[in-house]
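Number of protein chains: 2
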Amino acid sequence: MGSIDSTNVAPSTPSIAEFKPLDAEEFRKEAHRMVDFIADYYKNVENYPVLSQVEPGYLRERLPENAPYLPESLDMIINDIQKDIMPGMTNWMSPNFYAFFPATVSSAAFLGEMLSTALNSVGFTWISSPAATELEMIVMDWFAQMLKLPKSFMFSGTGGGVIQNTTSESILCTIIAARERALDKLGQDNIGKLVCYGSDQTHTMFPKTCRLAGIFPSNIRLVPTTAETDFSIAPEVLRKMVEADVAAGLTPLFLCATLGTTSTTATDPVNALAEIANEFDIWIHVDAAYAGSACICPEFRHYLDGIERVDSLSISPHKWFLAYLDCTCLWVKKPQLLLRALTTNPEYLKNKQSELDKVVDFKNWQIATGRKFRALKLWFILRSYGVANLQSHIRSDVAMAKMFEGFVRSDPRFEVVVPRAFSLVCFRLKPFPGSDVEALNKKLLDKLNSTGRVYMTHTIVGGIYMLRLAVGSSLTEERHVRAVWELIKELANDSLKEA
Amino acid sequence: MGSIDSTNVAPSTPSIAEFKPLDAEEFRKEAHRMVDFIADYYKNVENYPVLSQVEPGYLRERLPENAPYLPESLDMIINDIQKDIMPGMTNWMSPNFYAFFPATVSSAAFLGEMLSTALNSVGFTWISSPAATELEMIVMDWFAQMLKLPKSFMFSGTGGGVIQNTTSESILCTIIAARERALDKLGQDNIGKLVCYGSDQTHTMFPKTCRLAGIFPSNIRLVPTTAETDFSIAPEVLRKMVEADVAAGLTPLFLCATLGTTSTTATDPVNALAEIANEFDIWIHVDAAYAGSACICPEFRHYLDGIERVDSLSISPHKWFLAYLDCTCLWVKKPQLLLRALTTNPEYLKNKQSELDKVVDFKNWQIATGRKFRALKLWFILRSYGVANLQSHIRSDVAMAKMFEGFVRSDPRFEVVVPRAFSLVCFRLKPFPGSDVEALNKKLLDKLNSTGRVYMTHTIVGGIYMLRLAVGSSLTEERHVRAVWELIKELANDSLKEA
Chain A
19 MGSIDSTNVA
29 PSTPSIAEFK
39 PLDAEEFRKE
49 AHRMVDFIAD
59 YYKNVENYPV
69 LSQVEPGYLR
79 ERLPENAPYL
89 PESLDMIIND
99 IQKDIMPGMT
109 NWMSPNFYAF
119 FPATVSSAAF
129 LGEMLSTALN
139 SVGFTWISSP
149 AATELEMIVM
159 DWFAQMLKLP
169 KSFMFSGTGG
179 GVIQNTTSES
189 ILCTIIAARE
199 RALDKLGQDN
209 IGKLVCYGSD
219 QTHTMFPKTC
229 RLAGIFPSNI
239 RLVPTTAETD
249 FSIAPEVLRK
259 MVEADVAAGL
269 TPLFLCATLG
279 TTSTTATDPV
289 NALAEIANEF
299 DIWIHVDAAY
309 AGSACICPEF
319 RHYLDGIERV
329 DSLSISPHKW
339 FLAYLDCTCL
349 WVKKPQLLLR
359 ALTTNPEYLK
369 NKQSELDKVV
379 DFKNWQIATG
389 RKFRALKLWF
399 ILRSYGVANL
409 QSHIRSDVAM
419 AKMFEGFVRS
429 DPRFEVVVPR
439 AFSLVCFRLK
449 PFPGSDVEAL
459 NKKLLDKLNS
469 TGRVYMTHTI
479 VGGIYMLRLA
489 VGSSLTEERH
499 VRAVWELIKE
509 LANDSLKEA
Chain B
19 MGSIDSTNVA
29 PSTPSIAEFK
39 PLDAEEFRKE
49 AHRMVDFIAD
59 YYKNVENYPV
69 LSQVEPGYLR
79 ERLPENAPYL
89 PESLDMIIND
99 IQKDIMPGMT
109 NWMSPNFYAF
119 FPATVSSAAF
129 LGEMLSTALN
139 SVGFTWISSP
149 AATELEMIVM
159 DWFAQMLKLP
169 KSFMFSGTGG
179 GVIQNTTSES
189 ILCTIIAARE
199 RALDKLGQDN
209 IGKLVCYGSD
219 QTHTMFPKTC
229 RLAGIFPSNI
239 RLVPTTAETD
249 FSIAPEVLRK
259 MVEADVAAGL
269 TPLFLCATLG
279 TTSTTATDPV
289 NALAEIANEF
299 DIWIHVDAAY
309 AGSACICPEF
319 RHYLDGIERV
329 DSLSISPHKW
339 FLAYLDCTCL
349 WVKKPQLLLR
359 ALTTNPEYLK
369 NKQSELDKVV
379 DFKNWQIATG
389 RKFRALKLWF
399 ILRSYGVANL
409 QSHIRSDVAM
419 AKMFEGFVRS
429 DPRFEVVVPR
439 AFSLVCFRLK
449 PFPGSDVEAL
459 NKKLLDKLNS
469 TGRVYMTHTI
479 VGGIYMLRLA
489 VGSSLTEERH
499 VRAVWELIKE
509 LANDSLKEA
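Protein sequence lines, in the order shown, are assigned to chains A and B.
Heads up: the first sequence runs through residues 19 to 517, numbered per our numbering.
Heads up: the second sequence runs through residues 19 to 517, numbered per our numbering.
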């Protein structure tokens with residue numbers, strides 16, 4: 019883009035003053051303005067309704083049917099954001115957001131993300147952005163060391179790691195690596211024999227991902243879990259399933275163990291599951307999207323016991339490691355199996371360094387070809403806060419959840435439904451004679467969310483409908499958790515009176 | 019994260035002053051500082067070497083082996099960026115970057131990206147971020163209207179569109195939608211009968227994506243192309259292949275046509291290919307990652323002729339529509355086929371609006387569950403510049419390429435190897451008696467890139483090694499294109515003397 023003698027321009031070009039999409043001084047001015055807009059938003063987000071209260075279709079009525087032909091000013095756009103966009107926001111950044119899992123953020127990650135966006139390097143090969151590739155290798159090793167992963171997952175050892183978009187893409191890449199290894203032996207025609215295992219608590223992206231990879235739907239097993247194991251996989255149940263599949267002539271391929279399930283933060287026993295997986299030559303992946311970040315604290319590290327026997331591990335810093343979307347870290351023990359499945363080598367990307375095989379080309383570690391310089395974001399977080407503050411961050415979220423758990427336990431009308439392990443509390447109004455306990459709790463949740471003062475979500479596990487309070491929005495302080503408990507008690511009074 | 023009475027905190031917590039990862043005023047101060055850093059970078063990027071000149075492994079020697087235990091200051095980090103990161107940057111933002119395809123950017127897109135990052139809403143379902151979902155529907159319709167797509171691709175008609183990360187994910191989703199539709203009829207066991215078609219010029223992500231989806235490698239066909247059709251697919255060659263596959267008892271599944279191939283911007287004939295695809299019930303996708311953006315100009319729109327007969331179309335605004343990474347727009351004619359293949363419905367995401375089926379839940383249109391509010395970026399671009407400036411942007415890039423093409427044609431030592439259609443010029447030093455023409459051109463490219471004053475890449479098509487000059491970095495002006503031609507002539511003199 020730029021200036022050019024108008025005689026070279028197509029005749030139908032409208033007469034517009036020279037268009038410069040990236041003028042450094044205009045960029046500076048406008049970006050400063052957006053920084054203030056955002057800082058003000060963070061300052062005031064507590065005052066917005068947490069859950070948006072708009073009706074479906076609200077926005078189409080407010081916006082024009084077409085893009086404008088002529089430019090509109092930043093003033094107009096910012097005005098429309100306040101008027102039309104903000105009412106439709108469910109404010110994940112609110113300190114009173116307790117739904118799903120928190121999506122944590124930080125000033126440091128924002129700076130890293132800004133710079134990564136601005137540099138806009140497309141790091142498919144080493145040569146296309148050496149700093150992006152090498153910094154990613156380094157921060158993946160740094161993070162691995164913080165988690166006390168074995169050297170077999172590090173570039174400074176025999177493995178390595180890569181930053182992916184989300185857990186879904188990470189698991190898709192590993193299932194495909196496992197599938198290709200298996201089909202090399204079995205022959206392509208036997209794809210219908212490959213079996214994948216998760217549990218009924220594994221995130222639904224897992225069976226979806228298996229299907230994407232061509233695993234037959236009839237060969238996707240979700241091990242049933244029970245309250246007896248706090249909804250984690252019982253190794254003996256898995257073993258029986260695997261043995262039955264082998265006896266039926268099928269080939270066990272892939273097992274997804276979870277640290278911190280989405281419903282209740284259940285934790286599958288990595289070591290015991292890895293023993294079975296190793297015995298049957300099953301690729302075992304540990305999905306620690308949420309709870310993995312906690313393992314930088316010595317008191318939580320035991321959840322990773324047995325990790326040295328595992329094939330791959332993923333953790334999403336966009337969940338509990340202050341990183342903004344998207345950022346999922348995937349470590350693999352045998353990068354060559356990813357490379358075997360995902361490598362492309364078109365002429366137009368060939369270069370000396372790649373051909374000498376002395377460099378990492380991250381396009382061969384992922385689905386897409388292009389990729390951002392996302393390592394900057396993690397590097398900013400690790401350096402700006404240091405291990406000490408990051409541990410403190412995890413611990414204070416857990417402490418707030420523990421405090422809330424104490425509140426629930428102290429009120430005889432309520433119960434904690436499953437044990438709290440991290441920063442999520444699953445609870446409900448207790449059943450009492452003549453009550454429809456599910457309807458009662460549903461009503462309570464509706465009442466809570468329709469105040470706009472809080473957003474919480476529910477789940478059903480083991481047949482029990484429960485409310486989830488996931489502590490950890492980056493702006494949440496002890497006073498917010500105390501206030502939400504007061505609100506819950508107040509609305510519970512109303513609900514119980516009505517019932 | 020936040021303050022909590024220290025008695026609740028795990029005993030091993032280091033004594034650190036209360037840690038706030040998101041203090042609005044600190045955020046404001048630091049983000050302003052980063053804006054200035056970035057604006058200064060854009061102001062000076064012309065002075066940096068375009069292609070990084072570091073050696074593999076340069077960064078590991080410079081950085082510590084571990085993440086720091088205690089926080090480090092922003093001063094230190096910014097200092098290290100200048101000292102350690104910048105030398106390893108291949109500067110895609112340089113006005114002298116002519117490699118691959120340009121990754122175009124703009125102030126407006128940066129503002130949209132900042133805001134999208136800052137809001138950090140995770141829009142898997144409508145309720146989790148109504149504004150994000152609805153604005154995405156609206157801007158996808160706006161863009162469709164600018165491209166004069168039929169109503170069958172719009173939400174205001176019978177189709178719809180979604181913002182994906184890259185073309186790879188977009189095509190993966192559509193192949194899987196096509197696969198599931200076919201296997202519904204054929205039975206899962208017949209996955210080995212499904213055949214996918216591209217050409218030897220289709221981006222290598224296409225055969226990779228077919229393999230990811232479980233298509234047997236032996237069933238991925240790359241139609242050979244020749245100079246006779248300027249390296250686009252000859253419909254009669256495709257027809258013969260399809261007929262042969264049908265005769266062999268196979269099921270033609272998916273055809274990827276390209277508008278603007280990566281090597282030479284060849285354009286497959288959409289209408290003629292769609293005729294064959296429709297006849298054989300093949301899902302036809304048009305990958306217009308780069309050249310699609312040009313179709314907002316009436317003089318380029320003819321490349322989309324026949325689009326009403328196509329099943330899906332993808333265009334990447336991060337290539338030629340000023341959007342920064344990542345941003346790929348995917349339109350589909352039958353969203354229900356995507357939904358059939360990609361829908362998940364876990365209890366913890368259930369909500370009234372989704373169950374009433376009155377809303378779009380974009381998690382069911384993509385691989386991942388989570389997703390950013392990326393529509394903001396497109397909305398900022400469309401509104402800040404308007405259709406008029408965006409057309410002017412395309413035209414001035416094309417005009418600059420045309421000017422360069424004229425330079426090449428005016429010098430008898432050079433030749434334009436394939437016709438220029440958009441903003442890419444493919445050229446080389448002509449062969450002469452006794453010359454090794456490939457070695458000569460390789461040497462010229464090496465010389466050019468090792469100056470640091472320009473970055474260009476090569477390709478080989480039809481057996482011919484050629485240099486690619488892709489005009490369009492957002493900072494490129496006519497004077498840069500003139501200067502690179504002077505440099506090419508100067509170094510060509512040297513190369514020819516040596517030869």
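Careful: at least some of the hints might be erroneous.
For chains that are exact copies, the list does not tell them apart, and a pair is met inside one copy or across any two.
Here are the simulated lysine to aspartate or glutamate pairs, EDC-like style, with alpha carbons at most 16 Å apart [stated by the list, open to error]:
#1 Lys61 x Asp98
#2 Lys166 x Glu456
#3 Lys169 x Asp323
#4 Lys368 x Asp464
#5 Lys38 x Glu495
#6 Lys61 x Asp41
#7 Lys461 x Glu508
#8 Lys61 x Glu44
#9 Lys61 x Glu495
#10 Lys376 x Glu73
#11 Lys461 x Glu495
#12 Lys211 x Asp299
#13 Lys203 x Glu423
#14 Lys507 x Asp429
#15 Lys258 x Asp323
#16 Lys38 x Glu496
#17 Lys61 x Glu36
#18 Lys211 x Glu246
#19 Lys370 x Asp299
#20 Lys460 x Glu516
#21 Lys448 x Asp429
#22 Lys38 x Asp323
#23 Lys420 x Asp263
#24 Lys47 x Asp429
Note that these hints are calculated values from the structure, not bench results.
Q: Indicate which option fits the pair Lys169, Asp323 if close means a Cα-Cα distance not exceeding 16 Å: within, between, both or neither.
A: Within one copy, since 15 Å is at most 16 Å while 55 Å is not.
Q. Which holds for Lys38 with Asp323 at a C-alpha limit of 16 Å: within a copy, between copies, both or neither?
A. Neither. Shortest intra-copy (56 Å) and inter-copy (31 Å) distances fail the 16 Å Cα cut-off.
(Q) Within, between, both or neither: how does the pair Lys61, Glu36 come out at a Cα-Cα threshold of 16 Å? (A) neither (38 Å within a copy, 18 Å between copies)
Q: Up to 16 Å between alpha-carbons, please classify Lys166 paired with Glu456: within, between, both or neither.
A: Classified as neither; 43 Å inside a copy, 51 Å across copies.
Q: Pop the pair Lys461 and Glu495 into one bin, within, between, both or neither, using alpha-carbon distances up to 16 Å.
A: Result: close neither inside a copy nor across copies, 27 Å intra and 62 Å inter.
**Q.** Up to 16 Å CA-CA - Asp429 versus Lys507, copy category
**A.** Within. Shortest intra-copy distance 9 Å satisfies the 16 Å Cα cut-off; inter-copy 83 Å does not.
(Q) Within, between, both or neither: how does the pair Lys38, Glu496 come out at a Cα-Cα threshold of 16 Å? (A) Close across copies (13 Å), not inside one copy (48 Å); limit 16 Å.
Q) At most 16 Å between C-alpha atoms: does Lys420 with Asp263 qualify within a copy, between copies, both, or neither? A) Neither. Shortest intra-copy (42 Å) and inter-copy (63 Å) distances fail the 16 Å Cα cut-off.
**Q.** 16 Å Cα threshold - placement of Glu516 relative to Lys460
**A.** within (13 Å within a copy, 82 Å between copies)
Q: Using 16 Å as the alpha carbon limit, work out where Lys211 and Glu246 are close: within a copy, between copies, both or neither.
A: neither (32 Å within a copy, 45 Å between copies)
Q) How would you label the pair Lys61, Glu495 (within, between, both, or neither) given a Cα cut-off of 16 Å? A) within (14 Å within a copy, 41 Å between copies)
Q: If the cutoff is 16 Å on CA atoms, where do Lys370 and Asp299 land: within, between, both or neither? Let me know, please.
A: Answer is neither: 37 Å inside a copy and 43 Å across each miss the 16 Å cutoff.
Checked against the numbered hints given earlier, the structure breaks hints 1, 2, 11, 13, 15, 17, 18, 19, 22, 23, 24 and satisfies all the rest.
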